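Novice: Here are the chains, one letter per residue:
Protein chains: 2
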Amino acid sequence: MADTVVTECVSEQAEKNVNVDLGSRSYDIRIGRGLLETAGSEIATLLPGARLAVVTDETVAGIHLKPFSASLTAAGLDHTVITVPAGESTKCFREFEHLCDEILAARLERGDAVVALGGGVVGDLTGFAAAAVRRGMAFVQVPTTLLAQVDSSVGGKTGINSRHGKNLIGAFHQPAVVLADTAILDTLPTRDFRSGYAEVAKYGLLGDADFFAWLEDNWKAVFAGGVERDEAVARSCQAKADVVAADELESGGRALLNLGHTFGHALESAVSYETERLVHGEGVSIGMMLAHEFSERLGLIGQDTVERVHKHLSDVGLPVHVQDIPGQLPPAQTFMDIIAQDKKVSRGALTFILTRGIGEAFVEKDVDPALVSDFLREKLEL
Amino acid sequence: MADTVVTECVSEQAEKNVNVDLGSRSYDIRIGRGLLETAGSEIATLLPGARLAVVTDETVAGIHLKPFSASLTAAGLDHTVITVPAGESTKCFREFEHLCDEILAARLERGDAVVALGGGVVGDLTGFAAAAVRRGMAFVQVPTTLLAQVDSSVGGKTGINSRHGKNLIGAFHQPAVVLADTAILDTLPTRDFRSGYAEVAKYGLLGDADFFAWLEDNWKAVFAGGVERDEAVARSCQAKADVVAADELESGGRALLNLGHTFGHALESAVSYETERLVHGEGVSIGMMLAHEFSERLGLIGQDTVERVHKHLSDVGLPVHVQDIPGQLPPAQTFMDIIAQDKKVSRGALTFILTRGIGEAFVEKDVDPALVSDFLREKLEL
Numbered sequence: 001m002a003d004t005v006v007t008e009c010v011s012e013q014a015e016k017n018v019n020v021d022l023g024s025r026s027y028d029i030r031i032g033r034g035l036l037e038t039a040g041s042e043i044a045t046l047l048p049g050a051r052l053a054v055v056t057d058e059t060v061a062g063i064h065l066k067p068f069s070a071s072l073t074a075a076g077l078d079h080t081v082i083t084v085p086a087g088e089s090t091k092c093f094r095e096f097e098h099l100c101d102e103i104l105a106a107r108l109e110r111g112d113a114v115v116a117l118g119g120g121v122v123g124d125l126t127g128f129a130a131a132a133v134r135r136g137m138a139f140v141q142v143p144t145t146l147l148a149q150v151d152s153s154v155g156g157k158t159g160i161n162s163r164h165g166k167n168l169i170g171a172f173h174q175p176a177v178v179l180a181d182t183a184i185l186d187t188l189p190t191r192d193f194r195s196g197y198a199e200v201a202k203y204g205l206l207g208d209a210d211f212f213a214w215l216e217d218n219w220k221a222v223f224a225g226g227v228e229r230d231e232a233v234a235r236s237c238q239a240k241a242d243v244v245a246a247d248e249l250e251s252g253g254r255a256l257l258n259l260g261h262t263f264g265h266a267l268e269s270a271v272s273y274e275t276e277r278l279v280h281g282e283g284v285s286i287g288m289m290l291a292h293e294f295s296e297r298l299g300l301i302g303q304d305t306v307e308r309v310h311k312h313l314s315d316v317g318l319p320v321h322v323q324d325i326p327g328q329l330p331p332a333q334t335f336m337d338i339i340a341q342d343k344k345v346s347r348g349a350l351t352f353i354l355t356r357g358i359g360e361a362f363v364e365k366d367v368d369p370a371l372v373s374d375f376l377r378e379k380l381e382l
Numbered sequence: 001m002a003d004t005v006v007t008e009c010v011s012e013q014a015e016k017n018v019n020v021d022l023g024s025r026s027y028d029i030r031i032g033r034g035l036l037e038t039a040g041s042e043i044a045t046l047l048p049g050a051r052l053a054v055v056t057d058e059t060v061a062g063i064h065l066k067p068f069s070a071s072l073t074a075a076g077l078d079h080t081v082i083t084v085p086a087g088e089s090t091k092c093f094r095e096f097e098h099l100c101d102e103i104l105a106a107r108l109e110r111g112d113a114v115v116a117l118g119g120g121v122v123g124d125l126t127g128f129a130a131a132a133v134r135r136g137m138a139f140v141q142v143p144t145t146l147l148a149q150v151d152s153s154v155g156g157k158t159g160i161n162s163r164h165g166k167n168l169i170g171a172f173h174q175p176a177v178v179l180a181d182t183a184i185l186d187t188l189p190t191r192d193f194r195s196g197y198a199e200v201a202k203y204g205l206l207g208d209a210d211f212f213a214w215l216e217d218n219w220k221a222v223f224a225g226g227v228e229r230d231e232a233v234a235r236s237c238q239a240k241a242d243v244v245a246a247d248e249l250e251s252g253g254r255a256l257l258n259l260g261h262t263f264g265h266a267l268e269s270a271v272s273y274e275t276e277r278l279v280h281g282e283g284v285s286i287g288m289m290l291a292h293e294f295s296e297r298l299g300l301i302g303q304d305t306v307e308r309v310h311k312h313l314s315d316v317g318l319p320v321h322v323q324d325i326p327g328q329l330p331p332a333q334t335f336m337d338i339i340a341q342d343k344k345v346s347r348g349a350l351t352f353i354l355t356r357g358i359g360e361a362f363v364e365k366d367v368d369p370a371l372v373s374d375f376l377r378e379k380l381e382l
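Protein sequences, first through last, are from chains A and B. Read left to right, the first sequence gives residues 1 to 382 (the working numbering). Read left to right, the second sequence gives residues 1 to 382 (the working numbering).
Next comes chain A alone, as it looks inside the complex (with noise of 0.2 angstroms):
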């Protein structure tokens, strides 16, 4: 019996707790099994009384729903329920207005809360919703993918697509808590975990050589479920609450976390973004070992490290060369203007995350086109 106890408290005490330094604007990301079972008197206690709208699509509302909003009943939490179309698509502005329309319907008022169910559309959607509905409601974020969890739900940026690029309508808008379940991956195809899973490699691979090195022994575990896979979010979350904390606002270190945005972005541009060739994270995986691969070029690391990085996202089934996305791609020439419509640009310089070694990336905003696109030009032609 004393042995049952005992794992008992360790579960407890498993349950892991990231805060986000903001100032006033600061809030906690809770990390552990089970957590959506729970969620509801985690609201409650820190929002007494409000009413909820709860922001979910449909996919994710198939599975997660129940358990969720009985979770807030049982806590005493009036809700609502919206749900929105699956996918990329659904961040446009016809699905904001709409559901900015929704939120307003529930007669939601200051002091009321929205709610994020579900991965990274959801939760930019509806936290620009949040942020733009009465100049801004409280947001509570409840991520369901591996890569909302260490990513899209920790930062406060928010917003959605136009026809001139992704991401370039939103906000920054801090949610009051985030509840990232980690059981709930379980149910998460292989393939959006491992893509998830490249965003966890980037935090090694940017600022932490123990925690990539950490990663190389330990990856199954994290795939398998588990608290080494806690540990991994966590870690993740940490990281990244780290660089929000120092630059909310993005005007500089936040630019890190783009290692392998600039080139993986531009990847996923140049398929339209058809998720059957290519998803953020696989984008993410092969633009960091072009990172990687650059900043050898460049003469700041040794051919031993490329050949690391390259080891482990292979070893996760990460696809790790432009030619690893199935079908033609464009020129070059292409990749360039994409890149230079990014809105990582600044005043005409190409802006780059560059590395010195595993966990020793840094910003170069002063990189010469010509180099970057003879470099593409190579990579393509392989």
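These are computed hints drawn from the structure, not numbers from a lab. Fair warning: there could be bad hints in the mix.
Identical copies carry no separate label here, and so any pair may be met within one copy or between two of them.
In silico SDA-like pairs for lysine to any residue, Cα to Cα no more than 20 angstroms straight-line [what the hints assert, rightly or not]:
| id | residue 1 | residue 2 |
| --- | --- | --- |
| 1 | Lys-166 | Arg-94 |
| 2 | Lys-365 | Arg-110 |
| 3 | Lys-166 | Leu-249 |
| 4 | Lys-166 | Glu-97 |
Keep in mind that this is a model prediction, so the values were computed, not measured.
Given chain A, put chain B in place with the hints provided.
Specialist: This is chain B only, laid out in the frame that chain A set:
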């Protein structure tokens, strides 16, 4: 000759400056005749090298765009002009999307700026687009109506209307500078100037008895233009800036600025925002009268105070009774429904701005709806 030089110096010094103190988001409101002609150099000093998207409406463009654009060109500022339709219906999702797209199509980057040249509609829509594009572009306000100069361009509230009500979708987004050219107001129709004046009088009524007394003595000169007008605009901006600095995100004291606005908005809504029947300032004028009469009903002020407010608002030609609105009005219950859906409602309790005398308004968060309903019924049946 000496006299002439002195006069010129006085004229130079007549430009007034109000600082809105919001920490890292602080900015200046410059007030004076002829600022449109010097706007280019002001902006170039503040945002060196910035490219601009100038947003204006068809009416304003016809009168003020040419000198403004010439001033920008003279200062070496590269700029694109985006024209939106004039009128309140422009504050909608469709125009918001269109404007965001146009700003992106102009290929503005971080560090560039969006400029609103127009009245409240242009300022509110443009400010929200500036807040949302790339999650926040620098923003400059060049308000061309008295209402915009003393109210909507101060304080960072931006937004559009939803089918559920006015200004229900938006952002707090502070400008980098506000340039209020008081000579522009010479071109305003009297009714528009008068409507803006209701907000000027409001600042006296809510917190500055001396200013209200000064207005009673000087309102004709304010209408005629000249130094009194600049003084009235500057004192109004200062009054709003003080309230905003103490409560940027409207969690408390900023509600004082709503003196006359709960009733006023209900009246505007009741006439379906038909500006032939009622414009915003006229609603505010009647609303301020109602707020004073309701305060008298509650025993907070005497009849003499009500009469003094009545006299001044009537003197300047503003409507003071609901009966001054042409056409039929709905019954009291309709007004109560509108007030209940007003965004200033908190958890079902009615919040009103009441007063204990000229310059002594206060926020009362717990007004009995039955008292309001009885009061309105009586006023509507007069």
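Novice: A separate judgement is required for each hint: does it hold in the structure or not?
Specialist: Here is what the structure says about each hint:
In this assembly of identical chains, the alpha carbons of Lys-166 and Arg-94 lie at most 20 angstroms apart whether taken from the same copy (15 angstroms) or from different copies (19 angstroms). For the identical chains of this complex, Lys-365 and Arg-110 are inter-copy neighbours only, at 14 angstroms across copies versus 42 angstroms inside a copy, given an alpha-carbon limit of 20 angstroms. Within a single copy, Lys-166 and Leu-249 get their C-alpha atoms as close as 18 angstroms, which meets the 20 angstroms cut-off; across copies the closest is 29 angstroms, which misses it. Taking CA atoms no more than 20 angstroms apart as the test, Lys-166 paired with Glu-97 passes in both settings, with 17 angstroms inside one copy and 14 angstroms between copies.
Taken one by one, the earlier hints all hold for this structure without exception.
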